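Chains as they are written, first to last, in the numbering used here: chain G, 159 to 485; chain V, 30 to 478.
It should be emphasised that the hints constitute simulated quantities derived from the structure, not laboratory data. This structure is a prediction, so every number in the text was calculated from the model and none was measured. Hints may be right or wrong, so weigh each one.
Pairs of lysine-lysine residues, derived as BS3-like cross-links and limited to a Cα-Cα distance of at most 30 Å, are as follows [said to hold, decoys possible]: (1) Lys-467/V - Lys-473/G; (2) Lys-426/V - Lys-226/G; (3) Lys-371/G - Lys-81/V; (4) Lys-162/V - Lys-81/V; (5) Lys-426/V - Lys-476/G; (6) Lys-371/G - Lys-467/V; (7) Lys-478/G - Lys-81/V.
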Amino acid sequence: MNNYLISGSPHIHGWESTKKIMYSVVIALMPAFLFSIYYFGFDAIRVTLISVAACVLIEWLIQKFLIKGPCTIADGSAIITGILLAFNLPSNIPAWMIIVGAIVAIGIGKMSFGGLGNNPFNPALVGRVFMLISFPVAMTTWPTPRPLLGDAWTDAITGPTLLGHLKEGISQGISANDLMVFENVQELIYSGSLGETGSLAIIIGGLFLILRKVIDWQTPVVIIATVALIATACWLIDPVHYVNPMIHIFSGGLLLGAFFMATDMATSPMTINGKIIFAIGVGALTIIIRLWGAYPEGMSFAILIMNAFVPLINKVCKPKRFGKPVK
Amino acid sequence: MNPKKTFPIGGVHPEENKLSSDKPIITFPIPKQVIIPLGQCLGAPADAIVKKGDEVKVGQIIGTAKGFISANVHSSVSGKVTKVDEIMDHTGYRKLAVFIDVEGDEWLEGIDTSDTLVKEITLSREEIINRVKDHGIVGLGGATFPTSVKLTIPKDKNAEFVLINAAECEPYLTCDNRLLLEKQNEFLVGVKILMKAVDAPKAIIGIEANKKKAAKQLHKIIKEDKYFKGIKVQLLQTKYPQGGEKQLIKACTGREVPSGKLPIETGCVVVNVASTYAIYEAVQKNKPLISRVVTVTGKSVKNPSNFMVRIGTSSTELIEAVGGLPENTTNIINGGPMMGKSVSVSEFPVIKGTSGILMMTDKEAQPRQAGNCLRCGKCVNVCPMGLEPYLLCRMAKNNMFEETEANYIMDCIECGSCEFTCPANIPLLDYIRYGKNKTGQLIRSRNQK
């Protein structure tokens, strides 16, 4: 007599899998990647490939020789960390710095906690912030972008990002309006880290993830709304010292962070209410750092700080229980 | 008909795979031998009252209920008892069963075997409940809870609605759908009987939108015949677990059964379609529960079908009748794929709770490698009870049963939506079932002190 498989119900499984989720995110990052190639040329490919290869390799090495567990690189999460780390770097960053960042991101940010899903902080941001503190000059000097099909490419010209330019100008007492008529301001709009400049490309990727139900729409929308609200209030009160809120929304790492990093499953709350609280925190911290902090950009710090609050948020924000006894 | 309704939180939508929904019910030939297990309900098994060599007739009682939550067992055939012995039933446990060799088809006197529809209900409330009890009727949706217990309303409670669970939200199963299409009148009289038995002025038939044809037919009959006044057809969104008792009550009446309480708290008595039909037969035709509709199906099955089967018929015969066991079968499920039980052998007797025999191929039922929890929260989103499956799973794994209790593990209805949806293939429900079991022990031992 044949013996059949005995298993507990349910006996069927839905179409979701870790791999499908991870590779959806990789696909969603592609429009922004193409945009970065258009603006930063070959360097965009160089930085991204080095970062991805380093992240995947480090995860493989740690899994094989330190943890001695099954190979996990195929799940695609190291690829995402690699791409996101690259997207947070200037295009002219030296290769060895990228590798150091990847070691920190994967080794400390992810694997030391037990790998995928166990990390309390977003690994790519752990790597990025480590690099920002360790290599402050290299991490804050951006080559002025030249469209691939435009003028001849030269990486000799470097400059600040628009937010950096504004921050420095305002701290020197120049009015926001004057700063915006700065002759090179057009170029500065696209200056920045690899993946954060193509706003439209990021939004397209984000919408894909929302439609594919990998991320919820609330997190990005609430982050952007919170930033917009505070920035608009400040701008209305004091237009001399505060810039148009649209600049805050469409420049810097806000969109990339809102769609791709604050929505990271492992490091964001479980329930939708929790996600909204988390998103308000990210948005508020970002704009506070940008307007009153020492850095022109605050997205990375904001997300990392809020990551630390996730266990607490999970404890407070429970799902609505069915059949709760009426007291 | 009213617009579609649904339960408010969670739920999933598995592939429906209702392969046999257009296949009329075929009366399955009486087998040469039947094996009738004595424990066919949720509760104590019946005591055998026949022995080797006894002659039995169709409908004759062969096992008497032992205790309050237990049900009588009747012979589904006429013939000679060859032995009363242990067999391995669909759960994999060895249980006592009565083996009967079939001779002819001689029914017990007083059972009406004709197809004539009897509309007039002559029995009183008590007589109906006693009849349901004597004739061994249990919940035929799969849980097999003795129906008479359900119909006995506590003195301080009032039944307002009879809710008929016609959701059939399990993929693959079509037995209830076919009954609704082919035996609508009998079914509706059954609903009237239930209304009388529990003294409820209203009845709602909750039916998923993928059974529109059946819903329309019922609606038409109710509208045209004043006799069926008080019965309402309620279309429900096709979403699993729409047929969960608490979900169905919420969807149809907007009322929420409080945690740990029974449906009667909300004035509802919920009965499944097949049970309603069995109640009609018991009350109007004096026919005990000796047969049921079984869906025999699977993606690789040649001819998925619905059979009216005598209880105790071997699954092997049913499987042969649909074209044999497909070669690549890895799992055989007694019931539906979401809540049914997998069996280790292809030969087991059909019992009262066998709503379907599902043969699954290696492609569908491959055991999956569980990965790390991504903390994606999908299990939280789909849980229809508003629980946190990932958390309960982790706590149960670490034997933290006070914590599982504080996180309402006992509310879990074991629908499996969490495990179905988990991208990391974590066997969430296996851990939660274990946690429920242990938490239940903890609560019981505390109550004893």
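Q) Which hint numbers does the structure go against, in order from smallest to largest? A) 3, 6, 7
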